[in-house]
Structures are given as structure tokens and as C-alpha cells.
Amino acid sequence: MTLDTVKHATETPESELPWKELGLKEDEYARIREILGRRPTGAELAMYSVMWSEHCSYKSSKVHLKQFGEKAPENDALLVGIGENAGVVDVGQGYAVTFKVESHNHPSYIEPYQGAATGVGGIVRDILAMGARPVAVMDPLRFGAADHPDTKRVLPGVVAGVGGYGNCLGLPNIGGEVVFDSCYQGNPLVNALCVGVMKHEDIHLAKASGAGNKVILYGARTGGDGIGGVSVLASETFDDTKPAKRPAVQVGDPFQEKLLIECTLEVFREKLVAGIQDLGGAGLSCATSELASAGSGGMRVDLDSVPLRDATLSPEEILMSESQERMCAIVEPRHVERFMEICEKWDVIATVIGEVTEGERLEIFWHGEQIVDVPPGTVAHEGPTYHRPYARPEWQDALQADDAGRLPRPATSGELREQVLKLVASPNQAAKSWITDQYDRFVQGNTVLAQPEDAGMVRIDPDTGLGVALATDGNGRYAKLDPYAGAQLALAEAYRNVAASGARPLAVSDCLNFGSPEDPAVMWQFAEATRGLADGCLHLGTPVTGGNVSLYNQTGDTAIHPTPVVAVLGVIDDVARRTPIAFAEEGLLLYLLGDTREEFGGSAWSQVVHDHLGGLPPKVDLDRERLLAEILISGSRDGMIDAAHDLSDGGLVQAVTESCLRGGKGARLVVPDGLDAFTFLFSESPGRAVVAVPRSEELRFTDMCGARGLPATRIGVVDGDAVEVQGEFTVPLGELRTAHEGTVPALFA
Amino acid sequence: MTARIGVVTFPGTLDDRDALRAVRLAGAEPVSLWHRDKGLKQVDAVVLAGGFSYGDYLRAGAISRFSPVMETVIDQARSGMPVLGICNGFQILTEAHLLPGAMLRNNHLHFICRDQKLRVENAETAWTAEYEQGREISVPLKNVDGRYVAAERVLDELEAEGRVAFRYLDLNPNGSLRDIAGITNAEGNVVGLMPHPEHAVEPLIGTGGTDGLGFFTSILKKTVAT
Amino acid sequence: MARVVVDVMLKPEILDPQGQAVQRALPRLGFEGIADVRQGKRFELEVDGPVDEAALARIHEMAETFLANTVIEDFVVKVES
Amino acid sequence: MARVVVDVMLKPEILDPQGQAVQRALPRLGFEGIADVRQGKRFELEVDGPVDEAALARIHEMAETFLANTVIEDFVVKVES
Ligand SMILES: Nc1ncnc2c1ncn2[C@@H]1O[C@H](COP(=O)(O)OP(=O)(O)O)[C@@H](O)[C@H]1O
Ligand SMILES: [Mg+2]
Numbered sequence: 000m001t002l003d004t005v006k007h008a009t010e011t012p013e014s015e016l017p018w019k020e021l022g023l024k025e026d027e028y029a030r031i032r033e034i035l036g037r038r039p040t041g042a043e044l045a046m047y048s049v050m051w052s053e054h055c056s057y058k059s060s061k062v063h064l065k066q067f068g069e070k071a072p073e074n075d076a077l078l079v080g081i082g083e084n085a086g087v088v089d090v091g092q093g094y095a096v097t098f099k100v101e102s103h104n105h106p107s108y109i110e111p112y113q114g115a116a117t118g119v120g121g122i123v124r125d126i127l128a129m130g131a132r133p134v135a136v137m138d139p140l141r142f143g144a145a146d147h148p149d150t151k152r153v154l155p156g157v158v159a160g161v162g163g164y165g166n167c168l169g170l171p172n173i174g175g176e177v178v179f180d181s182c183y184q185g186n187p188l189v190n191a192l193c194v195g196v197m198k199h200e201d202i203h204l205a206k207a208s209g210a211g212n213k214v215i216l217y218g219a220r221t222g223g224d225g226i227g228g229v230s231v232l233a234s235e236t237f238d239d240t241k242p243a244k245r246p247a248v249q250v251g252d253p254f255q256e257k258l259l260i261e262c263t264l265e266v267f268r269e270k271l272v273a274g275i276q277d278l279g280g281a282g283l284s285c286a287t288s289e290l291a292s293a294g295s296g297g298m299r300v301d302l303d304s305v306p307l308r309d310a311t312l313s314p315e316e317i318l319m320s321e322s323q324e325r326m327c328a329i330v331e332p333r334h335v336e337r338f339m340e341i342c343e344k345w346d347v348i349a350t351v352i353g354e355v356t357e358g359e360r361l362e363i364f365w366h367g368e369q370i371v372d373v374p375p376g377t378v379a380h381e382g383p384t385y386h387r388p389y390a391r392p393e394w395q396d397a398l399q400a401d402d403a404g405r406l407p408r409p410a411t412s413g414e415l416r417e418q419v420l421k422l423v424a425s426p427n428q429a430a431k432s433w434i435t436d437q438y439d440r441f442v443q444g445n446t447v448l449a450q451p452e453d454a455g456m457v458r459i460d461p462d463t464g465l466g467v468a469l470a471t472d473g474n475g476r477y478a479k480l481d482p483y484a485g486a487q488l489a490l491a492e493a494y495r496n497v498a499a500s501g502a503r504p505l506a507v508s509d510c511l512n513f514g515s516p517e518d519p520a521v522m523w524q525f526a527e528a529t530r531g532l533a534d535g536c537l538h539l540g541t542p543v544t545g546g547n548v549s550l551y552n553q554t555g556d557t558a559i560h561p562t563p564v565v566a567v568l569g570v571i572d573d574v575a576r577r578t579p580i581a582f583a584e585e586g587l588l589l590y591l592l593g594d595t596r597e598e599f600g601g602s603a604w605s606q607v608v609h610d611h612l613g614g615l616p617p618k619v620d621l622d623r624e625r626l627l628a629e630i631l632i633s634g635s636r637d638g639m640i641d642a643a644h645d646l647s648d649g650g651l652v653q654a655v656t657e658s659c660l661r662g663g664k665g666a667r668l669v670v671p672d673g674l675d676a677f678t679f680l681f682s683e684s685p686g687r688a689v690v691a692v693p694r695s696e697e698l699r700f701t702d703m704c705g706a707r708g709l710p711a712t713r714i715g716v717v718d719g720d721a722v723e724v725q726g727e728f729t730v731p732l733g734e735l736r737t738a739h740e741g742t743v744p745a746l747f748a
Numbered sequence: 000m001t002a003r004i005g006v007v008t009f010p011g012t013l014d015d016r017d018a019l020r021a022v023r024l025a026g027a028e029p030v031s032l033w034h035r036d037k038g039l040k041q042v043d044a045v046v047l048a049g050g051f052s053y054g055d056y057l058r059a060g061a062i063s064r065f066s067p068v069m070e071t072v073i074d075q076a077r078s079g080m081p082v083l084g085i086c087n088g089f090q091i092l093t094e095a096h097l098l099p100g101a102m103l104r105n106n107h108l109h110f111i112c113r114d115q116k117l118r119v120e121n122a123e124t125a126w127t128a129e130y131e132q133g134r135e136i137s138v139p140l141k142n143v144d145g146r147y148v149a150a151e152r153v154l155d156e157l158e159a160e161g162r163v164a165f166r167y168l169d170l171n172p173n174g175s176l177r178d179i180a181g182i183t184n185a186e187g188n189v190v191g192l193m194p195h196p197e198h199a200v201e202p203l204i205g206t207g208g209t210d211g212l213g214f215f216t217s218i219l220k221k222t223v224a225t
Numbered sequence: 000m001a002r003v004v005v006d007v008m009l010k011p012e013i014l015d016p017q018g019q020a021v022q023r024a025l026p027r028l029g030f031e032g033i034a035d036v037r038q039g040k041r042f043e044l045e046v047d048g049p050v051d052e053a054a055l056a057r058i059h060e061m062a063e064t065f066l067a068n069t070v071i072e073d074f075v076v077k078v079e080s
Numbered sequence: 000m001a002r003v004v005v006d007v008m009l010k011p012e013i014l015d016p017q018g019q020a021v022q023r024a025l026p027r028l029g030f031e032g033i034a035d036v037r038q039g040k041r042f043e044l045e046v047d048g049p050v051d052e053a054a055l056a057r058i059h060e061m062a063e064t065f066l067a068n069t070v071i072e073d074f075v076v077k078v079e080s
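Protein chains in written order, with numbering that gives the first Met the number 0: chain C, 0 to 748; chain A, 0 to 225; chain B, 0 to 80; chain G, 0 to 80.
Take the hints with a grain of salt, since some may be wrong.
[As the list claims (entries may be wrong)] Here are the simulated distance ranges between beta carbons:
hint	chain 1	residue 1	chain 2	residue 2	range
1	C	Glu359	A	Gly207	56 to 66 Å
2	C	Thr350	A	Glu156	47 to 57 Å
3	B	Thr64	C	Gly93	47 to 57 Å
4	A	Gly38	C	Gly93	30 to 40 Å
5	C	Pro148	A	Ala150	39 to 49 Å
6	A	Ala224	C	His199	44 to 54 Å
Source of the hints: derived by calculation from the structure; they are not laboratory data. Predicted model only: the values in this text are computed from it and were never measured. We treat Cβ as the ideally placed atom computed from N, Cα and C, and that holds for glycine.
Go ahead and model the full structure; you've got the sequences and the hints to work with.
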């Protein structure tokens, strides 16, 4: 076979290329020809096809994502916004924090362990590439029905993969989510978040400038992994009846990544790096074109110098390979020797594969012949933009009309008690410690809060106690009922969780998991959710700093529930002031903050007791969320509250169960005037939290709430070894614990 | 002059910085040691920290055991230098035959991370002198290859000589024989255990207690005294 | 009782970090001349009853669906003599 | 290049939870008649040069000191035909 060089392409304009097989549309191919003024070479086609895929180019989503920039709130804390590997926020004392959540959904369904593991690996490299030391990970997960046989295959594999990779890297896992719903049966969602810390002056960007600077590829050798994975995975719905479509799976090597982290941090420390980019989706195609287009000059790469694991790889394959644990750095010639020494110290293979040039083109050579000659920006950023049609689905009205308020409620106290136990034992509400105990939460010695707390919290300065808190949330059931409100509810919940831990919410990252953008109903859900999230972030003053979109999460014509997962980052000046969820001391007074309304649409109760999804989700009030957060933060700072737990799915009874079991103490509860016991226990009105206040602080605390206009209702006291709802029922803690903690091990152990 | 306590970093070691911090909090001088260097920088004692050295590939500790630094550590340990192996460090010590037995995959096959109760069974080793015999402590446990096994004869010998240094309480988290969480050599200078005392040295962090600090104050006293 | 062995190895194109780590360690231990190491799993099955064609077919199926993950692994079934 | 295989199995008296987990899962998957399962490791070594007695002796030593931990494991060295 003759090599398809640029010269050859010019001479054979009519040669047919497999653009269709690579996932390109006819007009996209025409556009490439127009850009180049000739037909692309095979290598060029490979690069354009991966970079213009949905996954890399955001072609269906970018017209909507624009809002995150347009509606960005004024926020002095934002140091680097959307567009870089991850956003960076100022957390004070000279520190900056970068965080991002990303999806690895499709690969995790095919090969749960490796899919999840490489998902963690990928997001960690993104954070590293910003110049930060990664300090924690989180894993928002969604699976099919808990009792479905395939969930028994997927969940243990995913959990072992998240743990296997993160534990081996030495990153504490400080939180996440586990949600079961049959809508995720063929499309589990594996999202992964990483947070990193650096000093302001250490921020690094992905750009290649300075003619003569060297392009250094370092880390693992390049193999035949995941070739075409990007385009095939993201452009088409995965269909497991056709094994031929299965992309090659990537296998991760966390040990290699750990070396990559230490080695990279050391070259940063010695200021040897002018620009840096991790290799993720689209591998070298992505790294070289993005580095070159963000810089001032062009770039020349000799592909022969790329260290290979498999000597038979073609140049196209080398460009598309998604082998894990690789990074690409731009280094001034005078620093190359030292850079190499540090790589050698860490047993990391490093190779100069090219250099930054005076020109404006990205030129790639193979055996001395030119196979790529493109304007890098056209590959990296000028992919197609679709204005996909969207329309509110015709079933939406009927779904919203099917009000959960009409569902039969428990008629007797006995029935109420039964439903409480059923709720806290249901897979979604049950304790997840069987899962989270497979993750190291202690490593690095800075973990202040981890699962099952409302937010994960790590200390970033041992001397001052400065720390950050993070929570991720997303409720696909709410979003299905109303995607605009659903996205805001996810935001509100994560925001509230962070505030409940005592930290001040600062910034947002998100992972938008949806079905096929080619379905106008799904596209409408997507448009509504992004609009809701952007409006919500503007209102709360928390900018979106970055995130990820995962589309085509559907089986046949059936899409998953729209699932915007929102991560909120907060800062706390001294982690000693953090608020845990545990009711740990008898005599603490329990206060319910916020208003409780009859809101059961999309609720856990409607799902667990009636297998019902309909009506409207609870009503969001972002001003109220803000006020609640201020009270929670002041309460923590001024030592007025000993414990706090936000109220979300499952309502009050779920929160009280978790806090009592965590502290090993019971509670006596009184149904407040004006509420019935059922609504009191199960309503999911947002903007609420339950707090435990020492008697000595009661007056100060209620005065503060009163002065600021936040309803605070005394609902009981921490006491004994049972949860008692006066006049209704009593459940001994032991019985509650068995119900709440037995479910997940019984399903998966 | 205070004691110099070395902490070895192998490729893949994770808890080295935490161990250095624990040494500092105990009042000793922390010294970083690198796996490729044979020299021990005149330290008085060595900690082999936790993690996944060499990815735990082949067997946990199997590859690290052959590093240059271990040649010296093995030598010095045989002539009495105190060595503490935590988790991966314990695995390295068994692979190096400084301690008997071996570590295998947990009986439930999962990585497990929990607050673990232990009993200090031998308060006379170089690393436990600050505890009273029988003291119950709570420190984090986190591993996947934590099941201690040895031949019956070896176990009997360990018991008879009081060389079971720590035993799991309440729950045996991994199927370790005779609930063994940690052991010592006959001389009491080499100690290995699976749980992580270096993660229990500050309020708030980890378990939120300081039950693990005694390991580091013990060695400080011991090395300053001698 | 008869013994059937199932050897499961990563496919050649799939990264084998364990094998690599072993190979890289060998020269340091003074063992030269090993060009490549791959590490896989070996299952020893004790089979009740005769190991006839039907039994082997079942074991083959078991290996394919359960013992190996054929997305990334190959396997071989052997009757131990 | 010649291939030498080293099989490493836990000693029979050592509990093998991985093998047990496999065995327990089999009936649920519809595979009956497997009385016992043990899971071990298989190393495939590609040897430069001839696999003569000297080479095999070296590989034996490598297995004994490195590939297997003889406190808990047994091993077998085989030349692949
Ligand atoms: N996959 C997971 N990984 C880590 N932590 C998790 C995971 N799933 C749940 N958690 C943790 O368990 C706790 C309870 O989860 P959840 O009920 O979803 O919290 P909330 O309702 O407050 O958002 C939280 O601390 C959460 O971070
Ligand atoms: Mg919460």
C-alpha cells in the first residue's frame, strides 16, 4: 500500500476515502476538502473525523452551552473559565482550585472495570494538565434496576474500577452518587470528578508557542487501544447486538499514571514547561491540534518517533490511538535535558516528537514524508455546529398532569411506619457503604469529610486549615418531569449540600447525560436543562467553570432520563469549623429550616411505594437556597450548630435516619403544627435542612433565623436509641440500621 | 538532637507524605529516602509507607523488595535498626523475609477502607513502647491484599513468643489468620501492620482521633534514648 | 476426578501493565534475555464425572461467558493429563 | 524466540477465595458439576536465544525467588511446544 502523503492526495483528487465509516457526514467531508483545497490524506481524515465527532466537537450541544458564558455571573474568583482542560477558581490565601466532572458511560457498559478505571484516569490528567496536584476524586454513578441481573455485572465492575484506579493513584474518594433506575439499564452513567490544588502562579495552559520549542510526548507507549473509539462511541448509539461495532477497549495502568503525576508535578515545580496537554479522547490528534491552535506558531511532528507498544500501527492509528497515561508538553530547548532527567527519575518514557514552528500549519511526517498539513484551528475548533431541531415532546403534558398528589397515602400509623422502613431500605435511599468502603478516603491525610456526609471536604493548607468542599447531585426523575427545573434542582441540591458542610459555594462543573440529540424531544430536554442550569448559576452567583456532555445514552428509541449531574465547589476558611451530619449527642435540639409543602412529584416515596413517576417536581426557590446557605454557613462559623443535613430525595425521614445512624443516637420528633405526619416525613420540598443545635445556642440561632427571615421550626430532640415520631410510631435504631444498611450488600456482596 | 526518621518512596508509594507528616507531628525529624539510593542518610529508623509500589503488580511488595534501598534496609534491620512497615510496607517486609508469613487477597476479594479497632498485643517493640499492653486503638485500614497467612507452626511460634503485635477487634476485615493485624520480629525492631497509624495523628483528619501517634512517639523516645 | 485447565490471557493488542512491570524488574534482579512477559490467569477446574465432548463444550462456554472477558481476553481450555 | 510458561498456584492448604468465588457463581450461571476451582497466575516469557538447560535453570531460579512467593505458592516451569 502506498503511503497517502499530502503530495499523493494532491495528485489523486478523486480517490475515495472512508469518511462515512469514520462517522463524517457528506457536508462535513465537503467542508474538509474546502478547508484544505484538496482531498484530505488518510491521516488528515482520521484527525478531522475524531476531532469533529460529537464527543470532541460538541457539535450538537455547543449552541446551548454558550449560555454558560453569556449568563456567567460576575465572580472575581474565576481565574480560568470554560474552554481550558478545566476551570480554575481562586480560593484565597494564594491557592487556586481546579475541578471538573466527566463521563465515561459507554465504555463502562462494555467493560465495566476498565471503562470506569480509565474514566478516573482521564479526568485526573485533565486536572494535572492545569498545573494542579490532584487531591480528591468523586464518582456520580447511575445503574439500571438494582435487582436486574445485568446490574450485578455492571455495578461491581464499575465500583472495582473506580476504586482500583483511584486507590492506586493515592486520591481519596470523597463522595459521589449511586442511583438505580431501569432507564439506565442499557446505559449506565459513570461520571468521574477530580479536584486539584495549586498556587496561582502555577496555572498552566494548553498552548504551544515559541518557535523552536520542543514537543515532548511522555508516559505510556502508544498501542492500538480505543482506535476510532471516540467517533464510533460518540456518534452512534451503542448497539450490543453487533459486536463488530464494539470499539477496542482501553486498559488503564494506574501505576503508570501515578508516576506521570509525580513526574509532571516535578517538571512544573522546576518551571520546565511552556505548555501542556493531556492525551484523552482523540489522543495525539487532539493534543497536537489543540496545542498548536492555542499557541502562536505552527507545529511539526515526526510520528516515527512516537514510542509504540505495537510496531505494526499505521500513522492514522497512531494519531487516533487513545492509549491511556500519556501527556504532551511544550518545552524550551534549554530545559529539555532536565525534563528528560526527571522523566527518567520516575521511570517515565519521554520522547521529543516535534517542535513548534514559525508557520501556522500543523505538519506531521511519517518516514520523512508529509502526511498532514492543516491549519490546526480547523481541526481543533472549527468543527461543525448543529442547530438541531428540538420540540417539547407531546407526552410531556400528560406526564405532568399525572399528579403524584393523587397517589394513595398511608392510612394508619402502622402503614406510615411500614413505608418509612420501605423507603430507607430501597436501593436508592439505602446506605452505600458497601460501595464506598471499596474506596480509599484517607490517603493524602487531608480528608475532613467523606461519604456518607453531605459534601466531601479536604484540607488544602495544613497550617491555616483552608479547605474545599464538593458535592455532586442530579435527579433524572425530576428532570424528566421538567428538565429546566430538574437542572436547577440538581444545582440547588449540590449547593445546599456544600453549604450544609459549612463551606461557601463558589463554582460549578457539570456533566450533562442525555439521549440522542437527533431526537427533537431529547434535544428539547437538553436545551431546557442547560437553560435552567445557566439561569440558576447566574442567580446563585456560581459560574460554570467547565464540564462535559454525554449524548446518545439510549437503547433503541428509548433515551435515559435527562440527567444533568451538577458539581458544586465551596471553600471553608478553617476546616475545624466543618459541620458533619451525625447526631452524636443526646439533648441536641432539632430544627427544620425552610418550608415544607405537599410536593411528591418525582419523589422517592412515589417511586418506592407506588412505582410512579408523574406530576411536577418540587418548586425551586433559589433566593431561599441562598438564604438557607447563609444561615448554614454562619451557624457553622459561629459554632451554633453541631450537625446539619440537607433534605432532598426521601425527605425529612431519610435525612434523620442517616444522621441518627451516623451518630449512633435516636431522635424524638414532633409533627409541627399545620403539617400532617406524612407530608412532614416524605415531602421533598427543596430549600430545607435539618440542624442539631446545642441548647446553649438555641436562642442565638433562632434569633438569627428570625432576623433573616428563614423559617426555623423546632421538630424534636436527639435522644435515646430509637427514632420516634410522637403519636405515630417508633423504630428502634437497630431495626432502622438493618433496613438501611442491609440492602446493598444483600444485592451485590 | 532529635531522631531522624526516614520514609522510603518507591514508585507508587502513596502514604509517604502522610508518614513524613506523622513523624514531624511526633516531634522527630522526617527524612525522605528514595528507592534507588542505597544510602539511608544517617537515619535512626525507617518507615516503609503504604501505597501500591510498582502498582502491586505480581504481588504486593514483590518488586520493591529488590530495590537498592531495600538492600541496605534489610542489612541494617538485621543489625537492629528499627523498621516499621505500614500496609504496603508490611507486604514488602514479608516479601523481604524480614517478617514471616505472607499477605494475600482479602477473603471477600474487595478493597476495604474502614475505621478499624485493634488491640496492641505487644507494647515492647521499638514502635509500640508508648502504648500499654492491651490498649485498644482505632486507626484507618485500607487495602485489598491484607489477609495475613503463615504456616500453623509459624503462627504458633509467633503467639508463643508474643510476636503478634496487633490483633483486629470487633471484626476481622480480611480473613487474616488468628485476627493478626501486625507482627514483630523476635528482636522487636522490625514491625509490620496493615492498618495505617499515620492516618490517625490529628483530630479532624481520617478517623478524627490521634490513636496512631504513639507509633511515632515510641520510636522518637527509643532512638533518642539509645 | 479429572482436571481441566483454562488459561486466560489478555489479547496481544491489549496493554498488560502487570507483565510489563515484571519484565522491567527482571534485569535489575540479574535476569537478562527475557524479551517479553505477559501475565494471565490460570483456572484449575476439578470436574465431576467424565470429561467428554459435552463437558468440554460446557466448559468452553463457561470460559467464554464467565472466566474470560472476551472483549479484552483470549482463553484456552486444556484437559490435564 | 521460544516461549517458556511459568504457572503459579496457591499451595493447596492456602485458602483461595478467588477460586471459591468462581466456583460458587457457577451453579447460578447454570454450570453444574465443577467440584473445585483454584485460580492462579500464568506467566508467558519470551526468551531470547536457546532454551537450554542453563536457561531453564535460570528461569527456575527466577520463578523461585521472584515470580512465586514460595511461602504460599507452588510453581511449574514448562517449555511451550
Ligand atoms: N459512588 C459514590 N462514591 C462515593 N461516594 C458516594 C457514592 N455514592 C454516594 N456517595 C456518598 O454517599 C453519601 C450519600 O449519597 P446521597 O444520598 O446521594 O447524598 P445526597 O443526597 O446528600 O446528595 C454522600 O456522602 C455521597 O457523597
Ligand atoms: Mg445531602
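Against the structure, the hints come out as follows:
Range check, Glu359(C) to Gly207(A): about 57 Å between beta-carbon atoms, so the 56 to 66 Å window is met. As the Cβ distance of Thr350(C) to Glu156(A) is approximately 53 Å, the hint placing it in 47 to 57 Å holds. Range check, Thr64(B) to Gly93(C): about 56 Å between beta-carbon atoms, so the 47 to 57 Å window is met. For Gly38(A) and Gly93(C), the hinted distance range of 30 to 40 Å is satisfied, since their beta carbons lie about 36 Å from each other.
Evaluation of the 39 to 49 Å hint for Pro148(C) and Ala150(A) yields a pass: the beta carbon distance comes to about 41 Å. With their beta carbons about 46 Å apart, Ala224(A) and His199(C) fall inside the hinted range of 44 to 54 Å.
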